[in-house]
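Trainee: This is what each chain is made of:
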Amino acid sequence: MTLDQFLRQVTLQVWQHGWDQLRLVPDPTHAHVGFSSPTGEWHLALDAIRVALEEGGPRLRAAQKARA
Amino acid sequence: MTHQPMLGIGIGDALGMPFETLPHFSSALTGWDGQTFLDAPTDPESGYSHGLKAGQWTDDTQMSICLAESLVACPTYKPEDAAQRYLAWFNSGDARGIGGATRRACEKLNQGTPWTESGTQGSMGSGTAMRAIPLGIAYRNAYIQELREAAYQDASITHQNDAAKEASFIVAYVARHLALSHIHLPVELFASLLSEGSRVGNAITKAEKARTQDDMLAIGTGGSCYEVVGTALACLRTTQTYEEAVTQAIRLGGDTDTRAAIVGGWAGITREIPEAWIKQVERPDLLMALDASLLALSR
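As given, the protein sequences belong to chains A and B, one line each in that order. First residue of the first sequence? That's 9 in this note's numbering, and the numbers climb one at a time after it. First residue of the second sequence? That's 653 in this note's numbering, and the numbers climb one at a time after it.
It is worth saying that the hints were derived from the structure and are not from the lab. Idealized CB from N, CA, C, for every residue including glycine. Keep in mind that the hints are not guaranteed to be accurate.
Short derived list, chain A residues pointing at chain B, Cβ under 8 Å [claimed, not checked]: (1) Gln13; (2) Arg16; (3) Gln17; (4) Trp23; (5) Gln24; (6) His51; (7) Arg58; (8) Val59.
Derived CB-CB ranges, DEER-like [unchecked claim]: (9) His25/A / Cys726/B: 33 to 39 Å; (10) Tyr795/B / His25/A: 22 to 28 Å; (11) Ser847/B / Leu11/A: 18 to 24 Å.
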């Protein structure tokens, strides 16, 4: 799974169900903190996920691998 | 040729369609040439419009067509007629990329719920604003209050929410403003037409000051009606050509097809649409015929 595919899936889940229901990113600190609405500052949350993936956050990597 | 909002909606929608759900920094968006219509991904988990081919438009254009055809049939807006057309589209088997609130509203209409009660309570999605431009064209010579009433009624068929209603109205109002040959976009005037503390009003006030992509990203690029309308207005205000406006709308990421559909519809009223794009979009003949029919209306 590419990073774009992963981000698409995160977005779709967040837009449909909200951050609280997100199951793709098991470590919520990367995506959740400071985001008060389902869509508010969505791109910043996704950027946090991207950075975490690129920096090798183990749980995020595991999540991405599990989805692949 | 100008005065082609429906064609402008369809092209913006189709160009933005493959990028919906992606952030601005995604490799698909940073690698896009700003010219080419692309296929949507085929994976159902990748977005609302999976499986669509390059040049095809989505629900933004489909629902705008429903509303435009309703206005041509009933020049004084009739919510019963519009609701029946939305329902026929929903039941057609070809409703593309439909949002949750509109889906639930159409399911209620299918069960016989009247249009006055079908709208999804509390939904601030952009499913109403995305289809509102035809109202602004048909009502370009009407009193503002008549346009507001029609926009609110149309929005309430699918979304029972004040922000969604205001977003519809302001999208239609900007179209009306442009159709009356007003090139200048007085955001203060637009905001003054909305309620105090309005989310849509706040977003378009931010749009007035937005100059850079970061300014526009700060308005929000998700699918909420106020984010879509605010960023769309910023894209229109900071560009000179149809092509610039639509590509800027898409490069912000997020709800790319809806933002580009609205920007494309507005820009298509006063700016020339590139011939190469007209040749590649789905059913340009249908969209241009509707533009001619809407222009012939004069409420």
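Trainee: Measuring from beta carbon to beta carbon, are Tyr795/B and His25/A in 22 to 28 Å?
Mentor: 42 Å, violated
Trainee: May I ask you to test the hint 18 to 24 Å on the CB atoms belonging to Ser847/B and Leu11/A?
Mentor: 41 Å, violated
Trainee: Against chain B, is Val59/A within 8 Å by beta-carbon distance?
Mentor: 10 Å, violated
Trainee: Taking the least C-beta to C-beta distance, is Trp23/A closer than 8 Å to chain B?
Mentor: Holds. Min distance 6 Å.
Trainee: Given Gln17/A as an interface hint, is its Cβ closer than 8 Å to any Cβ of chain B?
Mentor: 5 Å, holds
Trainee: A closest beta-carbon separation below 8 Å is what the hint needs, so does Gln13/A meet it against chain B?
Mentor: 6 Å, holds
Trainee: Let me know if the C-beta of His51/A comes in closer than 8 Å to any C-beta of chain B, holds or violated.
Mentor: 5 Å, holds
Trainee: Holds or violated: 33 to 39 Å for the Cβ distance of His25/A and Cys726/B?
Mentor: This hint holds: roughly 38 Å between Cβ atoms.
Trainee: Any CB of chain B closer than 8 Å to the CB of Gln24/A?
Mentor: This interface hint holds because 7 Å falls under the 8 Å limit.
Trainee: Grab the minimum C-beta distance from Arg16/A to chain B and call the hint holds if it beats 8 Å, violated otherwise.
Mentor: 5 Å, holds
Trainee: For the hint on Arg58/A, just tell me whether its beta-carbon gets within less than 8 Å of chain B.
Mentor: 7 Å, holds
In the structure shown, a violation is registered for the earlier hints numbered 8, 10, 11, in ascending order.
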